[in-house]
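Participant: Just so you know, the protein sequences line up as chains B and S, in that order.
Residue numbers for the first sequence follow the working numbering, beginning at 1 and rising by one.
Residue numbers for the second sequence follow the working numbering, beginning at 1 and rising by one.
Rather than coming from a laboratory, the hints here were simulated on the basis of the structure.
There is no bait here: all hints are sound.
Just some of the chain B residues that point at chain S, by a computed CB distance under 8 Å:
id, residue
1, 46
2, 86
3, 90
4, 110
5, 142
6, 332
Here a beta-carbon is modelled for each residue, glycine too, at the ideal position from N, C-alpha and C.
2 protein chains.
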Amino acid sequence: MTEFVGVGNMVRWVAATGVEAAVAGIAGYVREDFCRWQSFHKTPRTASHTPFGVIELMPTSDSVTYAFKYVNGHPSNPARGFQTVTAFGALADVSNGYPVFLAEMTLLTALRTAAVSAVAAAALARPDSRRLALIGAGSQAEFQALAMRHALGIDRVTAWDTDPAALVKLARNLGPLGFDVTLAGSGREAVRGADVVTTCTADKALATVLPDAWVEPGMHVNAIGGDCPGKTELDPAILRRAGVFVEYTPQTRVEGEIQALGPDFPVTELWEVLTGRRPGRTSAGQVTVFDSVGFAVEDFSALRYLRDAVRGTPWVERIDLVAEPEDPKDLFGMVTAPSPIGA
Amino acid sequence: MTEFVGVGNMVRWVAATGVEAAVAGIAGYVREDFCRWQSFHKTPRTASHTPFGVIELMPTSDSVTYAFKYVNGHPSNPARGFQTVTAFGALADVSNGYPVFLAEMTLLTALRTAAVSAVAAAALARPDSRRLALIGAGSQAEFQALAMRHALGIDRVTAWDTDPAALVKLARNLGPLGFDVTLAGSGREAVRGADVVTTCTADKALATVLPDAWVEPGMHVNAIGGDCPGKTELDPAILRRAGVFVEYTPQTRVEGEIQALGPDFPVTELWEVLTGRRPGRTSAGQVTVFDSVGFAVEDFSALRYLRDAVRGTPWVERIDLVAEPEDPKDLFGMVTAPSPIGA
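In isolation and in its complexed conformation, chain B is listed as follows (with noise of 0.2 Å):
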């Protein structure tokens, strides 16, 4: 039998953890396999574009564990009372090939996104960072700001989307953990005066919510909503001026805002600054760049998070996803023994 744990199991186990440690559980397992970075077989995610948007699946593994994810990006799914991004994953036995976990990941996925930005603006925002800025109010944003007070002790946000219900969502969700919230009359207005800015917005396109003009010295943007070929969210002109830091580069260089910049446009990876083979940040001044799409390691990490998490608890059940024939050559006999049709 596979271990499963539901929607249902996966809101009680978020529910009694609270989602900041939860971030912060996963944000370890994220550091400790990125710092493992050479162990793991990598590959770019397989894309299924669609005029409607994009399905993927993103696999992984190491010598023990094989993980993937399947996650879709359907930008107009809200306005017709759907999620934009929906997930579940599974993780699998190297040894034999038996999927032993399998997972929703709509909210793990929230949660491991946060986890990541946090494990990168750690390692790259300045230590003194104070305010965040949030471009987009949707899904993402309270997780976010979970996660930067987490990694820099953050508790002041201004935020701003082209949406006001999702504004009021995000101060109603955000004020009571704490949060000074500011709702921003504007991009500009949200962004101004900020330490961390965090782009997180839904449109399929070549967008520019982030214009060079507003980034000021020693800001750290952490672009997460810039995610798929014909999907940017930055001016390229900050990269150009800014440390530019990645995932993994093959897949970044096609979905990450650099794919507006040329193949030999520079980067550093993060596992590089996590294990001080090459700096991160290098003074108060330079504008950092998290150009954030999501890679499969990072799924990985949140899985097994989960799994050892909810191991022995209540929060999960057993499914039967892997016929166990009593001898393994006779698969048939399986569907043709009397015994199981009244079973």
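Given the coordinates of chain B, assemble chain S onto it according to the supplied hints.
Facilitator: Below, chain S without anything else, positioned relative to chain B:
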């Protein structure tokens, strides 16, 4: 909620339907989907190879439905009490990216592999074929026998396997189904005088389970087991003198029997034969080879058939794989609302 067919329900559905009827039903959907080949977004599968075996993801989609399968192949599994191949897969709605159907596919893959062999044999073997030789009496063997009876009316089977226990199992399973089964003392003996030869062995090696000298004029060779780099079954000399038919050329050149030959080695895709675009068998004396590796469109067809077949029956459950927050932009609200904690 996502529809789910687990192993228990799959066994009950197949037992109630009958293996031959299930293979025939899937074969109908495979033929239908192959005849609209251009409708599909096709890509070679993503494979993760280790010394133990391979784990693959096989996605495809048309404009309405997306499908993918997770499948492993671990030749040393049976010796440790595990199956060589296990699988599961899902269908999703292209318009919003939501997964709508999840199923075990260990049994379903066995059925669909046989169904594809049936579709190919009906198009390529001599219509007067009367005897099937099976090289390999493992998990797929009985399904192959039933597929050839469906496609060609064959009810005589000669079989060979290096594992005597597998041969005994095959005879035990096929006898009651009305087959005239002969257990051969060698591969050569099994193949002599046969009309269709199915090779279906698991060893991950550049093996020759079928030497050229054994292949007689007019034979149809259904080559199933050579399906990943470094894993073949046929003497390449057979391919050079036969008409060679494949599923999806870019994948088969990497994974199939033709991996041993050059990139320009001439092949015909099965859909071209089914649609009358190119000829199949050109004479009664021609040797035809179906170099089958398994392609994502076939799993799409099998999942689509299963979903239609179990609709409204007790063999389909529902699992909570997709989070459905009341406000699609308020995922955070799902994990902080007090109500779900005790639910």
